[in-house]
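This is what each chain is made of:
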Amino acid sequence: MRTKSEKRFDWILTILLLVLSVFFLFPVVWMLANSFKTDAAITADMNTIAAFIPPVPGGGFFENYISILTNTNFLRYMLNTLFYAAILILCGIVVNGLAGYALAKIRFPFRERWVLLILLLQIVPMETIITIHFLMIAKVGLLNTVIGYILPMIVNPFNIFLFRQVFISLPDDVYEAAQLDFCSPVKYFFTMVLPMSKTVVATVSVFTFLNVWNDYLWPSLVFTSSDLLTAQIGLNSITSNDNTTMGQTLAVITMVTIPVIIIYSLFSKQIVEGVTSTGSKEG
Amino acid sequence: MSFIELKHINKKYENAERNSVTDFTLSIEEKEFIAFVGPSGCGKSTTLRMIAGFEDITGGDLYIDGVRVNETAPRDRGIAMVFQNYALYPHMTVEKNIAYGLMNMKVPAGEIKKKVDWAVKILGLEEFRYRKPKNLSGGQRQRVALGRAIVKNQKVFLMDEPLSNLDAKLRVSMRNEISRLHRELGTTTIYVTHDQVEAMTMADRIVIMKEGVMQQVGRPMELYEHPVNKFVAGFIGSPQMNFYPVVLEDNLLKFADGSRIAMPDVMLERLGDRRGEMIMGIRGEDIKLDEQNMELYQKDRQHAVVENTEVMGNENNLYFTFGGSLTVARVSKYEISQIGDAIDFVFSPLKMHFFDKDTEESILK
Numbered sequence: 000m001r002t003k004s005e006k007r008f009d010w011i012l013t014i015l016l017l018v019l020s021v022f023f024l025f026p027v028v029w030m031l032a033n034s035f036k037t038d039a040a041i042t043a044d045m046n047t048i049a050a051f052i053p054p055v056p057g058g059g060f061f062e063n064y065i066s067i068l069t070n071t072n073f074l075r076y077m078l079n080t081l082f083y084a085a086i087l088i089l090c091g092i093v094v095n096g097l098a099g100y101a102l103a104k105i106r107f108p109f110r111e112r113w114v115l116l117i118l119l120l121q122i123v124p125m126e127t128i129i130t131i132h133f134l135m136i137a138k139v140g141l142l143n144t145v146i147g148y149i150l151p152m153i154v155n156p157f158n159i160f161l162f163r164q165v166f167i168s169l170p171d172d173v174y175e176a177a178q179l180d181f182c183s184p185v186k187y188f189f190t191m192v193l194p195m196s197k198t199v200v201a202t203v204s205v206f207t208f209l210n211v212w213n214d215y216l217w218p219s220l221v222f223t224s225s226d227l228l229t230a231q232i233g234l235n236s237i238t239s240n241d242n243t244t245m246g247q248t249l250a251v252i253t254m255v256t257i258p259v260i261i262i263y264s265l266f267s268k269q270i271v272e273g274v275t276s277t278g279s280k281e282g
Numbered sequence: 000m001s002f003i004e005l006k007h008i009n010k011k012y013e014n015a016e017r018n019s020v021t022d023f024t025l026s027i028e029e030k031e032f033i034a035f036v037g038p039s040g041c042g043k044s045t046t047l048r049m050i051a052g053f054e055d056i057t058g059g060d061l062y063i064d065g066v067r068v069n070e071t072a073p074r075d076r077g078i079a080m081v082f083q084n085y086a087l088y089p090h091m092t093v094e095k096n097i098a099y100g101l102m103n104m105k106v107p108a109g110e111i112k113k114k115v116d117w118a119v120k121i122l123g124l125e126e127f128r129y130r131k132p133k134n135l136s137g138g139q140r141q142r143v144a145l146g147r148a149i150v151k152n153q154k155v156f157l158m159d160e161p162l163s164n165l166d167a168k169l170r171v172s173m174r175n176e177i178s179r180l181h182r183e184l185g186t187t188t189i190y191v192t193h194d195q196v197e198a199m200t201m202a203d204r205i206v207i208m209k210e211g212v213m214q215q216v217g218r219p220m221e222l223y224e225h226p227v228n229k230f231v232a233g234f235i236g237s238p239q240m241n242f243y244p245v246v247l248e249d250n251l252l253k254f255a256d257g258s259r260i261a262m263p264d265v266m267l268e269r270l271g272d273r274r275g276e277m278i279m280g281i282r283g284e285d286i287k288l289d290e291q292n293m294e295l296y297q298k299d300r301q302h303a304v305v306e307n308t309e310v311m312g313n314e315n316n317l318y319f320t321f322g323g324s325l326t327v328a329r330v331s332k333y334e335i336s337q338i339g340d341a342i343d344f345v346f347s348p349l350k351m352h353f354f355d356k357d358t359e360e361s362i363l364k
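Chains as they are written, first to last, in numbering that gives the first Met the number 0: chain Y, 0 to 282; chain L, 0 to 364.
Simulated from the structure, these hints should not be mistaken for laboratory data. Heads up, a few of these hints could be off.
[Said to hold, decoys possible] Listed next, with one range per pair, are the computed distances between beta-carbon atoms:
(1) L/A341 to Y/P170: 52 to 62 angstroms
(2) L/G40 to Y/K186: 31 to 41 angstroms
(3) L/E276 to Y/I167: 30 to 40 angstroms
(4) Y/P108 to L/K6: 30 to 40 angstroms
(5) L/Y12 to Y/P170: 16 to 26 angstroms
(6) Y/K268 to L/H7: 55 to 65 angstroms
(7) L/G40 to Y/L118: 33 to 43 angstroms
(8) Y/K186 to L/N134: 23 to 33 angstroms
[What the hints assert, rightly or not] Straight-line C-alpha distance at most 27 angstroms; calculated DSSO-like pairs for lysine-lysine:
(9) Y/K186 to L/K154
(10) L/K113 to Y/K104
(11) L/K95 to Y/K197
(12) L/K11 to Y/K186
All C-beta atoms in this analysis are idealised placements derived from N, C-alpha and C, irrespective of residue type, glycine included.
Make a model of the complete structure from these sequences and hints.
In structure tokens, the structure reads:
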């Protein structure tokens, strides 16, 4: 049972965290409220509490959003990004999952060293190897193609490590039982291992989605065709255009931010479980 | 050739100093229920896993139904297995768990349904058929594991300590259930357990193992009454057999504390010309406190003071020191003694066992 002083500490901590979260929410609320306003209204409300209050819904409420979606390719960029994310999630689960499974369950020489090596790869920043990626993709003639964008992003050392840590705790006798149930190793991976590891699959999917959604550098190098651009590049090109109003800029930023917030809110439990369970060996 | 033949099977793990299983030879007949029993680390599960194909056989030959299967994949050996931790598929319902193997065998859907219906009925799982394993009790989970094994019509059932995770009461009922299933299906069964009661109550024959070596194989009562060595004698039976270091001089058995018993001619005959130091063993129920036996063996009446009692309900266990060793006597519930009571008792001389003091092998002929 918790003592009185422990309970008091919990209360203080909760209030402190609430105040902090409100503090961090201010810019988001400001962005959301002003994305529905005209530039004149934004300037007028500046430095007042009205800057955090959206206008009353009525005619022209969604004007900034409508003009962005109709006058630019932003919707296309968003759909592109969703498409890339979907492919990368699928490929990432298969490739990183299989690698994680091998490192967790298959005995081969220097297995633990391989795990260490993969972990070491994780500390190499993407920016340091992006030139090599670019040169390789250019050499095989895949610049400005979806495959060229996706290929270097499939393998992710951190995801391999996450998968491995979860797969280690899967009981071996389930695999043995499946063998006696005439289940092939590949079928076992897809019909047993992945469904039994839903949490880590969800975690990896969310991380992959966020990676793709927030990535700017790699797509800006690979893509030159405007048909293939991603949301972040779209955001940059729209907001740096002189004709874009402040309200439109905030509307674009809102549209880029909202999916991330939704994904985090929906999957926060899985993300926490997925990351924390990687230290567990409980079967 | 028998249905399952294990010929000089050896198992040595990489980097291990000694064999986990050494020269294991056994013939198992069709429809037989055989139990491998022994303490932890005796190699019983390793042997079972070699039969299943989950462990490589280092040396020797394994035949199932006349075919050498040393290099055959587990799925092609015609076996079904029940695991200690059930090994159910956690994301599938009871029905799917049972049907999964059949689906992979490409059995027609109608037949799968018929078989699953039969299995859930025979195992009393009808009301749980759409539940997932996490919503089942230990006993129910074990029944699902049994269901998964029985629907596939395999030649051999392998069971690796299937009841060890269940509580005592459930273990008894599952014991009966497994025996009933074996009677009804008649499938050759190899059952691994460390619980000698399970082995004694269920098996047609028992294999006792110690440190990877088979000690004795035989029918339960054969092992109980004619153990080949001190290990088997001590392992089978509860409470454990009492052992005493003794010296046999002429027809007198001398204990460490100076007590003596005159040996009957029948036992002397069975001992041949063996005399001198040896180990005597006697089971708790062969230490008698009743008047009839006391009169019968009047001259060899012994005395002790009760140090502890265990009231079991149907019988009592009395603990006392005799011949320099802690002794347990299993007496009827009507022979009530309290701690500190002085008691008289006799050994049933014909029920004594004798073992070589060095090799611990039985020396009775």
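Cross-check of the supplied hints:
1. Between L/A341 and Y/P170 the beta carbons are some 56 angstroms apart, a value that agrees with the proposed interval 52 to 62 angstroms.
2. Roughly 35 angstroms separates the CB atoms of L/G40 and Y/K186, a value that falls within the hinted 31 to 41 angstroms.
3. At about 54 angstroms, the CB distance of L/E276 to Y/I167 disagrees with the hint of 30 to 40 angstroms.
4. Taking 30 to 40 angstroms as the suggested C-beta distance range, the pair Y/P108 and L/K6 conforms, at roughly 33 angstroms.
5. A hinted range of 16 to 26 angstroms holds for the C-beta pair L/Y12 and Y/P170, which are about 20 angstroms apart.
6. The given range of 55 to 65 angstroms is respected by Y/K268 and L/H7, whose C-beta atoms sit roughly 56 angstroms from each other.
7. Between L/G40 and Y/L118 the CB atoms are about 35 angstroms apart, so this pair conforms to the stated range of 33 to 43 angstroms.
8. One distance hint, 23 to 33 angstroms for the beta-carbon pair Y/K186 and L/N134, holds here, with the actual separation near 26 angstroms.
9. For the suggested pair Y/K186 and L/K154, the alpha carbons sit about 25 angstroms apart, so the restraint of at most 27 angstroms is met.
10. Distance check on the hinted pair: L/K113 and Y/K104 sit about 36 angstroms apart at the alpha-carbon level, beyond 27 angstroms; violated.
11. Restraint check: the Cα-Cα separation between L/K95 and Y/K197 comes to about 19 angstroms, which is no more than 27 angstroms; the hinted pair holds.
12. In summary, the hint linking L/K11 to Y/K186 is not supported, as the alpha carbons are separated by about 31 angstroms, beyond the 27 angstroms threshold.
Hint compliance for this structure: hints 3, 10 and 12 are not met, and every other hint is.
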